[in-house]
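J.: Single-letter residue listing:
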Amino acid sequence: MKHHLWIIVIIVIGLSSFLVGYSLPPFLEVGFGTATEEGGATSEEDLKKLYEELYRESEQ
Amino acid sequence: MEIPVPRRNVVWAYAIVGFFALVSIATFALHEYYIYLSAYLWFGFIYGMCLQYGRFCFASAFRDLFAVGVPRMVVGIMIATILFAFTSALVAATGWSTFHPAPTSVHALIAGVIFGVGMVFAGGCASGSLYKAGEGNGVAVVVILSISVTQSIFVDVAGWMNKLVPASWRESALQKGLPESIGVGDGWVDQYLAGYVWNQPIRTFAQSLGLKDDSLVGALVGNTLAGVVVPALLLLTVVYIFWVRKSYVRKLTAQGPRSITFVDHVRGFWGMVVASKRTAIAGLLLGIACGLQMFVIEGMRMKFGVKNAGTLLERLGHDFGISAKGTVFDPGYWYVTTQEAQWVGWVLQKLGWENMDNIYFGWVNGIPSPAINPADWMSVALIGGAAVMALLHGEFKFKMPTRELAVWAIIGGMGMGIGSRLALGCNVGAFFVRTANGDMSGWLFGLGMIGGAYIGVKFFNWYTERKMAQEMAQCDIAF
Numbered sequence: 001m002k003h004h005l006w007i008i009v010i011i012v013i014g015l016s017s018f019l020v021g022y023s024l025p026p027f028l029e030v031g032f033g034t035a036t037e038e039g040g041a042t043s044e045e046d047l048k049k050l051y052e053e054l055y056r057e058s059e060q
Numbered sequence: 001m002e003i004p005v006p007r008r009n010v011v012w013a014y015a016i017v018g019f020f021a022l023v024s025i026a027t028f029a030l031h032e033y034y035i036y037l038s039a040y041l042w043f044g045f046i047y048g049m050c051l052q053y054g055r056f057c058f059a060s061a062f063r064d065l066f067a068v069g070v071p072r073m074v075v076g077i078m079i080a081t082i083l084f085a086f087t088s089a090l091v092a093a094t095g096w097s098t099f100h101p102a103p104t105s106v107h108a109l110i111a112g113v114i115f116g117v118g119m120v121f122a123g124g125c126a127s128g129s130l131y132k133a134g135e136g137n138g139v140a141v142v143v144i145l146s147i148s149v150t151q152s153i154f155v156d157v158a159g160w161m162n163k164l165v166p167a168s169w170r171e172s173a174l175q176k177g178l179p180e181s182i183g184v185g186d187g188w189v190d191q192y193l194a195g196y197v198w199n200q201p202i203r204t205f206a207q208s209l210g211l212k213d214d215s216l217v218g219a220l221v222g223n224t225l226a227g228v229v230v231p232a233l234l235l236l237t238v239v240y241i242f243w244v245r246k247s248y249v250r251k252l253t254a255q256g257p258r259s260i261t262f263v264d265h266v267r268g269f270w271g272m273v274v275a276s277k278r279t280a281i282a283g284l285l286l287g288i289a290c291g292l293q294m295f296v297i298e299g300m301r302m303k304f305g306v307k308n309a310g311t312l313l314e315r316l317g318h319d320f321g322i323s324a325k326g327t328v329f330d331p332g333y334w335y336v337t338t339q340e341a342q343w344v345g346w347v348l349q350k351l352g353w354e355n356m357d358n359i360y361f362g363w364v365n366g367i368p369s370p371a372i373n374p375a376d377w378m379s380v381a382l383i384g385g386a387a388v389m390a391l392l393h394g395e396f397k398f399k400m401p402t403r404e405l406a407v408w409a410i411i412g413g414m415g416m417g418i419g420s421r422l423a424l425g426c427n428v429g430a431f432f433v434r435t436a437n438g439d440m441s442g443w444l445f446g447l448g449m450i451g452g453a454y455i456g457v458k459f460f461n462w463y464t465e466r467k468m469a470q471e472m473a474q475c476d477i478a479f
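Read top to bottom, the protein sequences are chains A and B. Residues in the first sequence are numbered from 1 upward in steps of one, following the numbering used here. Residues in the second sequence are numbered from 1 upward in steps of one, following the numbering used here.
Mixed in with the good hints there might be a few duds.
[What the hints assert, rightly or not] SDA-like mimics (lysine to any residue), calculated; alpha carbons at most 20 Å apart, straight line: (1) B:K303 / A:L24; (2) B:K303 / A:V30; (3) A:K2 / B:R7; (4) B:K397 / A:L5; (5) A:K2 / B:I16; (6) B:K307 / A:P25; (7) B:K303 / A:G21; (8) B:K246 / A:V30; (9) A:K2 / B:V11; (10) A:K2 / B:I281; (11) A:K2 / B:L174; (12) B:K325 / B:L174; (13) A:K2 / B:V5; (14) A:K2 / B:G18; (15) A:K2 / B:K307; (16) B:K303 / A:L5; (17) A:K2 / B:P4; (18) B:K307 / A:L28; (19) B:K307 / A:E29; (20) B:K163 / A:H4; (21) A:K2 / B:V17; (22) A:K2 / B:Y14; (23) B:K307 / A:L5; (24) B:K303 / A:F18; (25) A:K2 / B:P231; (26) A:K2 / B:G394; (27) B:K397 / B:L174; (28) B:K303 / A:K2; (29) A:K2 / B:W12; (30) A:K2 / B:R55; (31) B:K303 / A:Y22; (32) A:K2 / B:P6; (33) A:K2 / B:K325; (34) B:K303 / A:S17; (35) B:K303 / A:L28; (36) B:K303 / A:S16.
[Said to hold, decoys possible] Here are some chain B residues pointing at chain A (derived, C-beta under 10 Å): (37) S24; (38) A26; (39) L30; (40) T94.
FYI, nobody ran anything at the bench for these hints, they're computed from the structure. We put the CB at the ideal spot given by N, CA and C, even for glycine.
Required output: the full structure, derived from the provided sequences and hints.
T.: If you want it as structure tokens, here you go:
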């Protein structure tokens, strides 16, 4: 029966790997270790500040 | 030697995997957003497989230790927590962990005691009951039902319970600026949360050492080494001294008269650790899966431009049961009890109980239909994963609960339901995940849970002895 377990393990690993691969592109774009630094805004206040700065820059 | 497994078990195992695969593929074909729910589903399935393989049950672990002096599973759980801490640290160091520490105060300790007593009475903790349900255990199903119903009622109880709320909690809760639809001044749990718990400090070991949680040094040295490895080794040492040392020394001296050295004790300690290999392997796999789930969920949130699954459900047209903030319960990692409360909350709402006016459902977690609730997908798949493992190991068997066991399951489930709502989590959400991520409240809950389990075991021993004495007395009369 062990081989049946391994077949199921392989199916589960395959599906999970698909999920990991599916969610990877955003990380590659943003980068690791940047969640609270260059990664950008983490809250609505941060977003507001970011847009205000962009607006100020475009005004200048 | 391999245990022969009936062919129908294999067929059922493939059928379960096939069903979940079909759900994932069909819903993905319906809309891309459903893959978010499938992520919860497949990680839940992995958790179920690991839990069943490692027999990962906190109730059994402490019952074995306190009732019969067998430390194997407690040691395994401690090792698993250490291993999970390392994988959590790596995720935290990337800056993309979905974990949020909880407020730390004496409430976690008290909640742990209530939870600990409950899990011993019930014969299974929150995660243990789920995997045992996957093995066909009827008592575990009753425990899950009891936890679910108790939580969903407890979070909405007002009336006479309002009289038990301290004035300071009420005053503080009313100052939190929550919308009128929540009615924060009405309901014990609402005022407990907004008037007491939210005022408590959030503490991690890394922060207390002046380090950042999402830095490599903070995550590894602060939260893992100081926050998990050192306290866990201390606990393991206590277990060795009180439960293992005596028999180990006896075994050594039986081989011939000799003096016991420190090196002998180190060997004995190591022997105790490696004896729990199966639970420890399950813990490592659980840790890897938890870490990967955090990555996957965070990646999908970025991909779909959302911070919470509530937004996705709204976009898909499922707007029933979403909280006033537009959120649903979406922890991003392994959790057990909240989704159990949610499905009963949803049923009660459908039966006419207005329960969206409390903080727990109405402001934070919502009560989306169980059919589209991400965390519910995780729990259902967890039971499925455990069932597959049990089927393939010849360990699946339908067991109907006796009346006595069902009563204990209901009482224990009530204790766990109340304890988990007071602590904002169960043995997984409030202990295993929090401790592994360096959250101080995790250890407070854990200590309370150990104390509660001890009280529960002692009470059970007293009850069993009393019952046996009564039965013996009746036999005497009959003769």
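J.: Now look at each hint and say whether the structure bears it out.
T.: Hints and how they fare:
Between B:K303 and A:L24 the CA atoms are separated by roughly 9 Å; this keeps the pair inside 20 Å, and the hint holds. For the suggested pair B:K303 and A:V30, the alpha carbons sit about 11 Å apart, so the restraint of at most 20 Å is met. Proximity of A:K2 to B:R7 is assessed by CA-CA distance (about 13 Å); at most 20 Å being required, the pair is judged to hold. The suggested pairing of B:K397 with A:L5 holds, with an alpha-carbon distance near 18 Å, which does not exceed 20 Å.
Of the pairs offered as hints, the one joining A:K2 and B:I16 holds, with about 17 Å between alpha carbons and a cut-off of 20 Å not exceeded. For the hint linking B:K307 to A:P25, the alpha-carbon distance of about 17 Å falls within 20 Å, and the restraint holds. Restraint check: the Cα-Cα separation between B:K303 and A:G21 comes to about 12 Å, which is no more than 20 Å; the hinted pair holds. Under the criterion of a C-alpha separation no larger than 20 Å, the hint pairing B:K246 with A:V30 is inconsistent with the structure, at around 56 Å.
As the CA atoms of A:K2 and B:V11 are separated by approximately 14 Å, the hinted pair is consistent with the 20 Å bound. Restraint check: the Cα-Cα separation between A:K2 and B:I281 comes to about 18 Å, which is no more than 20 Å; the hinted pair holds. Between A:K2 and B:L174, the direct Cα distance comes to roughly 59 Å. Violation of the 20 Å bound is thereby established for this hinted pair. Only pairs whose Cα atoms come within 20 Å are accepted, and B:K325 paired with B:L174 is accepted, the gap being roughly 18 Å.
Between A:K2 and B:V5 the CA atoms are separated by roughly 10 Å; this keeps the pair inside 20 Å, and the hint holds. Among the hinted pairs, A:K2 with B:G18 is consistent with the structure: their alpha-carbon atoms are about 18 Å apart, no more than 20 Å. Pair hint A:K2 plus B:K307 does not hold up; C-alpha atoms about 41 Å apart against a cutoff of 20 Å. Under the criterion of a C-alpha separation no larger than 20 Å, the hint pairing B:K303 with A:L5 is inconsistent with the structure, at around 33 Å.
Only pairs whose Cα atoms come within 20 Å are accepted, and A:K2 paired with B:P4 is accepted, the gap being roughly 10 Å. As the CA atoms of B:K307 and A:L28 are separated by approximately 19 Å, the hinted pair is consistent with the 20 Å bound. Straight-line distance between C-alpha atoms of B:K307 and A:E29 comes to about 18 Å, which keeps the hinted pair within the 20 Å bound. Distance check on the hinted pair: B:K163 and A:H4 sit about 58 Å apart at the alpha-carbon level, beyond 20 Å; violated.
Annotation: proposed proximity of A:K2 to B:V17 holds, straight-line Cα distance about 16 Å (limit 20 Å). Between the alpha carbons of A:K2 and B:Y14 the distance comes to roughly 13 Å, so the proposed pair stays at or under 20 Å and holds. Our distance criterion of 20 Å between C-alpha atoms is broken by B:K307 and A:L5, whose separation comes to about 36 Å. Only pairs whose Cα atoms come within 20 Å are accepted, and B:K303 paired with A:F18 is accepted, the gap being roughly 15 Å.
Distance hint between A:K2 and B:P231 is unfulfilled; the C-alpha atoms sit about 38 Å from each other, more than 20 Å. Straight-line distance between C-alpha atoms of A:K2 and B:G394 comes to about 11 Å, which keeps the hinted pair within the 20 Å bound. Annotation: proposed proximity of B:K397 to B:L174 is violated, straight-line Cα distance about 51 Å (limit 20 Å). Of the pairs offered as hints, the one joining B:K303 and A:K2 is violated, with about 38 Å between alpha carbons and a cut-off of 20 Å exceeded.
Restraint check: the Cα-Cα separation between A:K2 and B:W12 comes to about 15 Å, which is no more than 20 Å; the hinted pair holds. Between A:K2 and B:R55, the direct Cα distance comes to roughly 19 Å. Compliance with the 20 Å bound is thereby established for this hinted pair. Only pairs whose Cα atoms come within 20 Å are accepted, and B:K303 paired with A:Y22 is accepted, the gap being roughly 9 Å. Straight-line distance between C-alpha atoms of A:K2 and B:P6 comes to about 13 Å, which keeps the hinted pair within the 20 Å bound.
About 48 Å separates the Cα atoms of A:K2 and B:K325, which puts this hinted pair outside 20 Å; it is violated. Taking the CA atoms of B:K303 and A:S17, the gap is near 17 Å; set against the 20 Å cutoff, the hint holds. The suggested pairing of B:K303 with A:L28 holds, with an alpha-carbon distance near 11 Å, which does not exceed 20 Å. A hinted pair counts as satisfied when its Cα atoms are at most 20 Å apart, and B:K303 with A:S16 qualifies at roughly 17 Å.
The interface hint given for B:S24 holds, since its Cβ lies 7 Å from the closest Cβ of chain A, which is under the 10 Å cut-off. Using the Cβ-Cβ criterion of 10 Å, the hint placing B:A26 at the interface with chain A is not satisfied: the shortest such distance is roughly 14 Å. Hint status for B:L30 relative to chain A: violated, with the closest Cβ pair at about 16 Å, above 10 Å. The interface hint given for B:T94 is met, as the beta carbon of that residue sits about 4 Å from the closest beta carbon of chain A, less than 10 Å.
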